[in-house]
Amino acid sequence: MIKGKSSESIFLNENMMAVACLLAVLTSIASFALLCLQGGSYLTIFEITIKLVTTIAMFFAFRHYNWDVAKGLMGGVLFCFMYQEAYLVLGKLWSEQDFDVYLVVGVQGSLYLAAAGMSFLMTIIITINHFLINYALHGNPENVIFNRMAIIFKIIIYIILIVTNSMLGFSALILWANALLYISDMSILFMLICIESQFDSFKLLHHELLKEKRERKNR
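The sequence shown runs 0 to 218 under numbering that gives the first Met the number 0.
FYI, nobody ran anything at the bench for these hints, they're computed from the structure.
Hints are supplied without guarantee of correctness; some may be wrong.
Computed beta-carbon distance windows for the label pairs [as the list claims (entries may be wrong)]:
1. A113 / L172: 22 to 32 Å
2. L172 / V103: 17 to 27 Å
3. P140 / K91: 37 to 47 Å
4. I44 / V103: 35 to 45 Å
5. Y134 / E207: 38 to 48 Å
6. L110 / L208: 24 to 34 Å
7. P140 / R215: 34 to 44 Å
We put the beta carbon where it would ideally sit given N, CA and C, even for glycine.
Construct all of the structure, not just a fragment, from the sequences and the given hints.
So this is what it looks like as structure tokens:
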């Protein structure tokens, strides 16, 4: 594997990837426990379980050089994000008109609704760009940088969601469960950047080695 050097991107550091995976596991388990205590819906608990299992499988697939499997699982993780956010924004807040509950609490409720919608749109962009990066024949440094920017922006949205979530008038268990879920998602997004950056580095290195081989053959 390519090890991160001081002159390289911090996202090429596999230790950072492992820490992000561990944090995602711990926060997911904690939010899972809190949701079970306050009688959360089985659908929400199922979403957390599927996302966590897919994330762990993606991490170990990448660490064991099963790169095609890791790429597929990365897409699976992103679709888990899309599903849970689509259910929140379109299924719960819009269809069931739960946004009325958030609007009556004022500015923080409105910010929460806006951030939830923006997070869903950013996940769509990140998912599309994921396929442009990981299924390109050669390296895609421009798309890697674009995806990093999109994910960093999404993480800023998550911070807004955590802050506004803490101001809402729900029970402490729900507030903590939501906050831990957002922290878990932030950790998973850092993992995605790490893995996509390494995929791109491998492809660029492979391309350079092939170029050198052709030049030696020509000489």
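The hints, checked one at a time:
no., hint, result
1, A113 / L172: 22 to 32 Å, "holds (25 Å)"
2, L172 / V103: 17 to 27 Å, "holds (21 Å)"
3, P140 / K91: 37 to 47 Å, "holds (38 Å)"
4, I44 / V103: 35 to 45 Å, "violated (28 Å)"
5, Y134 / E207: 38 to 48 Å, "violated (20 Å)"
6, L110 / L208: 24 to 34 Å, "violated (50 Å)"
7, P140 / R215: 34 to 44 Å, "violated (25 Å)"
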